[in-house]
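Undergrad: Residue-level listing of the chains:
2 protein chains.
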Amino acid sequence: MRKTRIFTPGPTPLMPEAQLAMARPIIHHRTQEFKELFLETRRLLQQIFRTENEMLILTASGTGAMEAAVCNLFSAEDQTLAVVAGKFGERWVELCQSFHVPCVTLIKEYGEAATAEEIAEALRRHPETKGLLIQACETSTATSHDLEAIGNLVREEFPEVTIVVDAITGVGCQPLEADQWGLDVVISGSQKAFALPPGLAFMSLSSRALRRISSAASPRYYFNLAKELKNQQAGQTAWTPNVSLVVALNAVCKEILCQGLDKVVAEAELMARCTRQGLLALDFRLLSSSPSSAATAAFPPEGISASELSKRLEQRFGLKVAGGQGELKGKIIRIAHLGYFDTLDVFCALSAIELCLMEMGQPVEPGSGVKAAMLEARQS
Amino acid sequence: MRKTRIFTPGPTPLMPEAQLAMARPIIHHRTQEFKELFLETRRLLQQIFRTENEMLILTASGTGAMEAAVCNLFSAEDQTLAVVAGKFGERWVELCQSFHVPCVTLIKEYGEAATAEEIAEALRRHPETKGLLIQACETSTATSHDLEAIGNLVREEFPEVTIVVDAITGVGCQPLEADQWGLDVVISGSQKAFALPPGLAFMSLSSRALRRISSAASPRYYFNLAKELKNQQAGQTAWTPNVSLVVALNAVCKEILCQGLDKVVAEAELMARCTRQGLLALDFRLLSSSPSSAATAAFPPEGISASELSKRLEQRFGLKVAGGQGELKGKIIRIAHLGYFDTLDVFCALSAIELCLMEMGQPVEPGSGVKAAMLEARQS
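First to last, the sequence lines map onto chains A and B.
Start counting the first sequence at 816; every next residue gets the next number (this note's numbering).
Start counting the second sequence at 816; every next residue gets the next number (this note's numbering).
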């Protein structure tokens, strides 16, 4: 029997609740039924983002919400600071360039995280900075920035700086306290920890962010957040929303909250630890010095091509992992833990990797990767 | 048994093929499987748009594709002419304003269409015009512009004018020959004749449009069509696409082409004629002097409130029609014919309307609306 398993950090496997919701007959969005469901979904998202801030749902990929943040909050006269530790940090810079928003960068090597102190220093060097643009998890390197420390330090020393967090692969798989840590804009997307197809993005907006929206002058229309906010507070959207995905999102949020957000996050963290131990036992080398719980990125053992390994995993077992992006292309594999996964999936992925390595001539003690992962799981 | 029927011009009822496709486990977009499916889907859309031009699929509502057309094709120095015959024509103007693109308007009363000659006159008055922005069907008034005459006349007299058509509710329910009529950009959306949930927009781009893209300077990132084109020619997308909807779109396009596009369009035209005859027999008054086959807009008989009638249709029969927008709010009802409908659905809607009118005290000969519709259907 040919089965398919995706271990990519987006799209992630669909939650059955989502599949069933998406197969339902569609309802119209200008109805009381949709309005109530939409308002409830906004409240559920607030619980998952740990925020009482405004919450918007956009019909777009996560990149659309990143654009919305840039073009609604900043203009040509607003200095921003972007933390660039990989492809998604680079996306902040490209977005600012596209909208003529000045952007200085704090560049980290691939696999490294920016510390709160480094960010504070950069802000001190650029005291005119209006916005900090950062990732919760830089998915291209599977690296987490310490948003708790960063948020607390920036909030204390730079009260006027608006903190904008691409948490597209952060929400629901690593601790994230939007309000407690003072994060003004937090962005996520449907195809990540929400275990839905791509097509919706979510963003929370603090009052600090809302004040910027009313003053920033960059052009926008589809991503006009002031217009969205006015509509969404009334349970509607500015443009026709992806109704089916919103219905499925409602079901998935309830499932996540029913299982308990802390438990869901802890499970992702456990899967990440197990994966790391398993890969290390198989002579992989971790890319990141601050590894995320969304995904694990690792270099294969000496003499094994990452591309060859990925191809073999797919051909032999229908198991899809992600590769590297940009300069990491062909050098690493990335295995996701966010969304509809459990620990048994980790053992399953590791056993497939073991078998492929053996077939590729690597000396592997069968079961050694799985064993290391199991020991980690038992400890926890 | 409580059933629900939507007769709104988007979202429209889902095709069963779409529902089944959306419930399937998701595949990853960076795979050969998706690439082949995506390239095939682009070709299927070309057949439905009747074009050999480039075809793009965007993860956004139709409005997103309208924005993409404006900000990729025009800049602050490019004069445009927008035909404004309702809310969606007004959207062209708002979009141009948002991106500082100069826009003169040809304004028609709600329910009126612009003629080719009127458009040519406006272009003669503004010989510097670079782009014509128009709807195939102005959904807010259910009015069709004669794109064949307009396209042919503009192409002959104004070879440099790029014709941009919002055919969001035009494709698949009224004749539309993008290439034969010289339409440079044609836009549609998933939740219309494609009988899918909202969330995808499609647009064809002629070589004239592509030349404009390379010169226009308006800011864009998520809707960067040059980047999209480069990716989509290779079977990929610039940003994570709504994979599930693309898979469903593929299935739906095949179903439409298997039934025959001309036949599908003729069926929508028949439904529109039947609906008009049925409503006229029930003393409704048509709003449009150039009624579309996407939807029918009509004023209820004297003394009957459109809002009351809509509400009663929904409460009594779970049947949802659309109301008026803007200054037509509360004054008309709109019944859709585009997508997964057949002639029996028209009889069903008319019988519900008859019953509601009777309950509201209107003197109605039971069956008279349905009878008029049936006679029209038999004639055809």
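Hints in this document: simulated from the structure, not taken from any laboratory.
Given the structure is predicted, the values throughout are model-derived calculations rather than measurements.
One or more of the hints may lead you astray.
Computed list of lysine-lysine pairs in DSBU-like fashion (alpha-carbon distance at most 35 angstroms, straight line) [unchecked claim]: (1) Lys1045(A) x Lys1144(B); (2) Lys1144(A) x Lys1042(B); (3) Lys818(A) x Lys850(A).
Which stretches of chain B does chain A cover? Using the computed rule of at least three CB atoms under 8 angstroms from a CB of chain A, they are [said to hold, decoys possible]: (4) 840-851; (5) 946-957; (6) 1027-1036; (7) 1067-1073.
Heads up, the beta-carbon is just placed ideally off N, CA and C, and yes, glycines get one too.
Undergrad: Indicate, hint by hint, whether the structure satisfies it.
TA: Outcome of the hint check:
1. Lys1045(A) x Lys1144(B): holds, 19 angstroms
2. Lys1144(A) x Lys1042(B): This hinted pair holds, its Cα atoms lying about 20 angstroms apart.
3. Lys818(A) x Lys850(A): violated, 39 angstroms
4. 840-851: That given contact holds, which follows from 7 residues of the segment 840-851 of chain B lying within Cβ reach (below 8 angstroms) of chain A.
5. 946-957: Our answer is that it is violated, as 0 residues pass the Cβ test (under 8 angstroms) against chain A, missing three.
6. 1027-1036: n = 4 at 8 angstroms, threshold three: holds.
7. 1067-1073: violated (count 0)
The structure shown violates the earlier hints numbered 3, 5 and 7.
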